[in-house]
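Line by line, the protein sequences are chains A and B. Just so you know, the numbering used here puts 16 at position 16 of the first sequence, and the rest follows in order with no gaps. Just so you know, the numbering used here puts 111 at position 111 of the second sequence, and the rest follows in order with no gaps.
For the record, the hints were derived by calculation from the structure and aren't laboratory data. Treat the hints with caution; some may be incorrect.
[Claimed, not checked] Pairwise CB distance ranges (calculated):
no. : chain 1 : residue 1 : chain 2 : residue 2 : range
1   : A       : Ala-29    : B       : Gly-42    : 37 to 47 Å
2   : B       : Ser-80    : A       : Gly-16    : 48 to 58 Å
3   : A       : Ala-78    : B       : Thr-15    : 27 to 37 Å
4   : B       : Thr-86    : A       : Val-13    : 24 to 34 Å
These numbers come from a predicted model, not from an experiment. We put the beta carbon where it would ideally sit given N, CA and C, even for glycine.
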Amino acid sequence: KQEVTQIPAALSVPEGENLVLNCSFTDSAIYNLQWFRQDPGKGLTSLLLIQSSQREQTSGRLNASLDKSSGRSTLYIAASQPGDSATYLCAVGKGNTPLVFGKGTRLSVIA
Amino acid sequence: DVKVTQSSRYLVKRTGEKVFLECVQDMDHENMFWYRQDPGLGLRLIYFSYDVKMKEKGDIPEGYSVSREKKERFSLILESASTNQTSMYLCASSTIRGHLAKNIQYFGAGTRLSVL
C-alpha cells in the first residue's frame, strides 16, 4: 500500500529565505505527483503537477522536482514571503485511482 | 476555471440527525471524491465515484453513504450523526479525459461540521 511522508511537519523561516519541503513515497510506480497548498480552514489548491516522465515543474517562485526511482519529491520556494504561510501537501497518483496524500508541512514565514 | 462548490461552509448538527453534505462541480468531471480532514490524521478518503450512480468505498466509509444521481453532484450522507464525525469535509473532482497522467484534483472550500 502506497504511503506518503512529509518532513518536517512544521517549519518556520524568516522572510526572504529560500526553503525546501520534502515528500517521500514508498511505491515508485506512480503516474504523477501533485503539490497542494491549504490555507487555514480552506480547501486545497493545486500548485504543481509533475508527470512521472518529468523531472521538475516550475511556477513563479515554486519549483517541484521528482526522483521517481528513489521515491522523493521536493518543493523549493524561493525568496519566501509571509503570504506563503500555509500547509503544503503532496499527493501521488496512479492512473485513475484516488490520490494518496501526505499529512502536510505547515509553513510559517515570519516578517 | 474549474469550480467545486460545497453547499455549506459551517454546519452544526445534533447526535442522531441525518446530515446531507452537497458538492457540485461545473466542469463535467467524471470523478468525484469525499474526504475528511482531522488534525494529525491528514486527509482520509471516505467514498469516491467514477461516474453517475457509481460509488466506491474509500479508507473510512463506516457511518457514511453517498449518492450520485447526476454527474455534477456528489452527496455525502451521515445516516445518524455522531460526535466522532465532527470534522472538516472536503469534496474534490477530477478528469482523465485527454491524458491519463494529468489527473489534477480540484477541491471545494470545505464544510466544517460540528456534531453536538
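Status of each hint after checking the structure:
no. : hint                            : verdict
1   : A:Ala-29 / B:Gly-42: 37 to 47 Å : 22 Å, violated
2   : B:Ser-80 / A:Gly-16: 48 to 58 Å : 52 Å, holds
3   : A:Ala-78 / B:Thr-15: 27 to 37 Å : 49 Å, violated
4   : B:Thr-86 / A:Val-13: 24 to 34 Å : 33 Å, holds
In the structure shown, a violation is registered for the earlier hints numbered 1, 3, in ascending order.
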